[in-house]
Amino acid sequence: MSNEIPLYQNMINDLIHKIEGGKLQQDAKLPSEADLGDSYNVSRITVRRALAELVDRGYIYKRHGIGSFVARKSIPKTNDIPGMINLEKVIRATNAEPRVELKDFQLIVNGSEPVVRSNLGLNSDDYLYAIDYQIFADNNLVGLVHWYLPYVQFPNLYLSELERHQLLPLLVSKYEFKPEFQTHRSSDLATRAEKRMFGSVSGNVMVHLRLTGTAQGNSLIYGEITLTGQVTMYLY
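Note that the UniProt record's numbering has the sequence shown beginning at 1, numbered continuously upward.
Calculated from the structure, these hints are not laboratory results. Mixed in with the good hints, there may be bad ones.
Taking lysine-lysine pairs in the DSSO-like style, the calculated list, with each CA pair at most 27 Å apart, reads [stated by the list, open to error]: (1) 73 to 62; (2) 18 to 73; (3) 103 to 178; (4) 18 to 178; (5) 18 to 103; (6) 62 to 29; (7) 73 to 178; (8) 73 to 23; (9) 62 to 23.
Computed Cβ-Cβ distance ranges for the label pairs, DEER-style [claimed, not checked]: (10) 187 to 66: 22 to 28 Å; (11) 43 to 114: 44 to 50 Å; (12) 152 to 187: 31 to 37 Å; (13) 191 to 38: 57 to 63 Å; (14) 218 to 38: 50 to 56 Å; (15) 195 to 99: 18 to 24 Å; (16) 99 to 45: 44 to 50 Å; (17) 106 to 58: 26 to 32 Å; (18) 110 to 26: 48 to 54 Å; (19) 100 to 56: 27 to 33 Å; (20) 139 to 66: 19 to 25 Å; (21) 195 to 156: 38 to 44 Å.
Backbone N, C-alpha and C fix where the C-beta goes; we use that ideal spot for every residue, glycine too.
Start from the sequences, fold in the hints, and give me the full structure.
See below:
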């Protein structure tokens, strides 16, 4: 996998990372074109091209004669993604307040997860992100979410970004990813391990969702969601 990134794209990626990660706040003024050129070792023409793309994508805005500033970018909502289940809405239907916590984020480089790789059309040499979340209704753990996506399609995804944004809206915003999801549902009785994990939640039924997100005919993200408790009543 090549690590060579065009200087123009490297500048865009770095500025987006600083914005999505919160290092550059809304309405913060960017350095001058000359200073940006020096910082990224690119020409003034390249700087202007990069800034123009950031304007088009809604990350910055310009004030004539003053400079470029960080815009208030509208992050899409999960329910705006075709085929995606809105878990927050489902949890609120149970009269509980939803909360999502990032549990783990890693880059898999050892060729593991063969089933996931097969679903995404990846080989054992391809880098693979694994991102785990816990879903709470009030203070009760009601779900686990495991997402897998290929590094080559979503390079330079950072922990600071995932801590500030939910994964799917972030992918739509940062990478202009426009997926459609196909979902397979199944249910069974909770195992002993699941009962220990979700101990405070009533009921023994576990609902399992397997989701594949496609764009332009290619499978680019795969997810596994396990849910229990009252939320399972609102999935069908």
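Next item on the list: Return the numbers of the hints above that this structure violates; sort them in rising order.
Entry: 10, 14, 18, 20
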